[in-house]
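These protein sequence lines map, in sequence, to chains W and F.
If you read the first sequence in my numbering, its first letter stands for residue 4, the second for the next number, and so on.
If you read the second sequence in my numbering, its first letter stands for residue 171, the second for the next number, and so on.
Be aware that a few hints might be false.
Here chain W is said to cover these stretches of chain F; the calculated rule only asks that three of the stretch's residues, wherever they fall, bring their Cβ under 8 Å from a Cβ of chain W [said to hold, decoys possible]: (1) 214-225; (2) 371-384; (3) 441-448.
Label pairs and their in silico Cβ distance ranges [to be verified]: (4) F/Gln199 with W/Gly327: 55 to 63 Å; (5) W/Leu331 with F/Ala267: 34 to 42 Å; (6) F/Asp319 with W/Val320: 24 to 32 Å; (7) F/Thr407 with W/Gly54: 24 to 32 Å; (8) F/Asp374 with W/Val162: 29 to 37 Å.
Derived contacts from chain F toward chain W, CB cut-off under 7 Å, selection only [stated by the list, open to error]: (9) Ala348; (10) Glu349; (11) Leu388; (12) Ser389.
Honestly, the hints are just simulated from the structure, not real lab data.
Beta carbons: idealized from backbone N, C-alpha and C, even for Gly.
Here is what each chain is made of, one letter per residue.
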Amino acid sequence: MSPPVTARRRRARIVVLSGTLLAGALLVGPLVGATDIDLGAVWSDPFDWAGNPAAAIFFMARLPRVLLAALVGGSLALAGATYQSLLRNPLASPYTLGVTAGASLMTFLVIRFLPGSGLAEFTVPGAALAGALATTMLVMVLATRTGGTPPTVLLLAGVTLNFTIGAAVLLVQYFADYTATARMVRWMMGDLEGATYRLLAVLFVASLPVWVLLLRCGRTFNLMSLGLEEAQAHGIDAGRATRRGLLLASWLTGVAVAVAGPVGFVGILVPHAVRLVGGVDYRVVLPGALLGGAGFLVVCDVLARVAIRPVELPIGVLTACLGGPFFLFLLLRRGFARD
Amino acid sequence: MTSSELSWRVALAGLFALLLAPASGLRAQVPQRVASLVPAATEVLFAIGAGGRVVGVGDYDDYPEAVEALPRLGGLVDPNLEGILAVRPDFVVIDPAQRSLAAQLEGVGIRVYPFATGSIQEMLQHARSLGRELDVDAGAAQVVSRVADGLASVAASVAGRPSPQVLVVFGRRPGSFAELWVSGGVGFLHDVIELAGGRNVFADIARPSFKSGLEGVLSRAPDVVIEALVEDARAATVRAEWRALPGFAGVKVVAIDSRWALRPSPRVVRLATEVADALHPGRSR
């Protein structure tokens with residue numbers, strides 16, 4: 004039996020490839036930025052931030068941000084791959100089921116009604132996470148009420164919620180004043196700033212178990228993507244697996260959006276890029292998406308910081324500008340080659 | 171003089187009369203009912219002595235006090251056309267970005283004056299031309315010289331003193347250093363800082379405002395941070411936040427009121443005075 008061997012080898016190849024991208028990005032990311040700092044000076048006295056500006060820049064302005072980009076990028080790409088599998092729709096993204104709309108609504112309400120509140124580090128993330136999870140639950144309830152959890156019903160429920168909550172979002176935005184509106188618009192573009200080690204620790208603890216759980220779903224997702232009957236025939240409770248997978252992916256999305264806003268494109272582009280390179284086996288796609296998404300977002304953030312430094316570009320704009328052409332390149336080369 | 175020569179002269183004179191008539195007619199029609207949708211322009215109108223003719227103002231106008239009693243006609247992105255027409259203005263001051271509003275007003279024969287908010291010089295230029303349009307040239311000239319003299323005396327009072335490095339912050343995410351919008355080396359606030367004897371740390375960036383990362387701010391190591399705030403109540407918190415940044419323990423933090431200080435108006439003299447007081451506490455008056 005040769006297939007398991009090639010599957011394993013393909014997984015190894017993808018993991019090495021995307022892992023190399025991530026490792027390279029993590030290494031280069033903190034070395035460059037808005038200014039040129041003397042790296043020797045950073046290490047001469049790394050903990051005296053007040054007296055050593057190079058260390059402050061390296062450990063306070065750069066490193067947490069690079070780590071945040073990796074956490075957010077990995078989570079969004081892994082969640083995207085999960086949605087695409089369970090909804091059996093290649094265009095599904097972490098935002099298809101209205102998760103972002105829910106997060107946006109809660110965030111905007113906080114920005115509108117609690118400006119400058121005391122616990123600012125956690126108020127917006129907390130509200131966004133609550134909005135994201137509430138929306139996911141709502142989609143599930145709606146879909147279960149209308150008979151099981153078939154992908155089409157889930158998709159329609161999600162799209163409808165997206166529009167409905169989106170209208171409420173616009174209404175809140177419309178009645179906000181100038182500065183609040185500007186903050187809302189910027190939040191929608193995604194933003195990897197404001198990372199602290201405390202926030203990173205919370206984020207890591209909230210994401211790691213979910214990564215592990217999702218990475219173990221490769222075989223299930225493979226069978227599910229063949230169709231519900233096929234999966235059921237192999238002893239998989241399709242409804243339960245769908246609900247579980249969507250909840251886990253929505254949790255990851257909610258956590259990522261909560262701290263970074265709806266960074267676009269990572270969740271849809273990275274899983275497809277992995278598929279184009281490494282095939283459709285979810286045991287390959289899921290780890291590839293996690294590592295590749297992390298590396299990709301770190302690279303995008305580096306460019307956002309240095310392209311026209313010290314002026315910064317919005318990260319969501321860069322992911323699309325960079326990712327779009329790269330993805331088209333892959334699509335045209337690999338896609339045509341395969342047909 | 172031959173008759174053909176005479177008829178030529180008559181014809182020329184007639185032509186001149188035709189050309190001059192509408193012009194003199196316009197000159198006679200000095201606007202009597204003025205609406206202003208730009209808060210800075212409203213301040214200029216009142217300062218030059220045309221305040222009595224202002225019949226409506228924008229949603230964000232709050233100065234001088236007389237505007238409180240006037241009808242509100244909308245804001246930059248949502249001007250209220252019906253409201254504007256209802257106050258029957260013959261002259262409307264708008265933002266240059268309000269192009270469709272300009273077309274609509276001109277379509278019904280109302281004169282439109284685009285007021286671009288920018289540098290101090292641009293504001294003074296507007297004061298002069300509004301003075302001309304509204305036939306209050308003397309008032310305008312007075313405002314221009316008062317502002318110019320006021321600024322000149324502020325500049326003189328700090329001349330020769332060492333210039334502190336100043337970071338100007340328009341806004342950031344509350345409680346964090348994310349979404350940090352700062353002043354570059356052009357624009358109203360940059361002008362005020364340099365005039366009041368400071369050096370803008372981002373003077374080399376040719377933008378009125380831009381988003382800087384925390385790194386950009388840390389690396390420029392300012393002596394003074396000037397942050398625009400809506401609520402005075404937050405000034406103490408904001409000061410503590412900045413001083414907690416590594417290397418910023420000795421930084422002087424000055425809060426300015428974003429409700430008026432970001433607005434290029436004749437009150438710029440008061441702003442320049444406040445900033446100069448903060449940057450140079452011992453300056454000669």
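Checking against the hints above, which ones are violated? Violated hints (numbers, rising): 1, 3, 6 and 8; every other hint is consistent with the structure.
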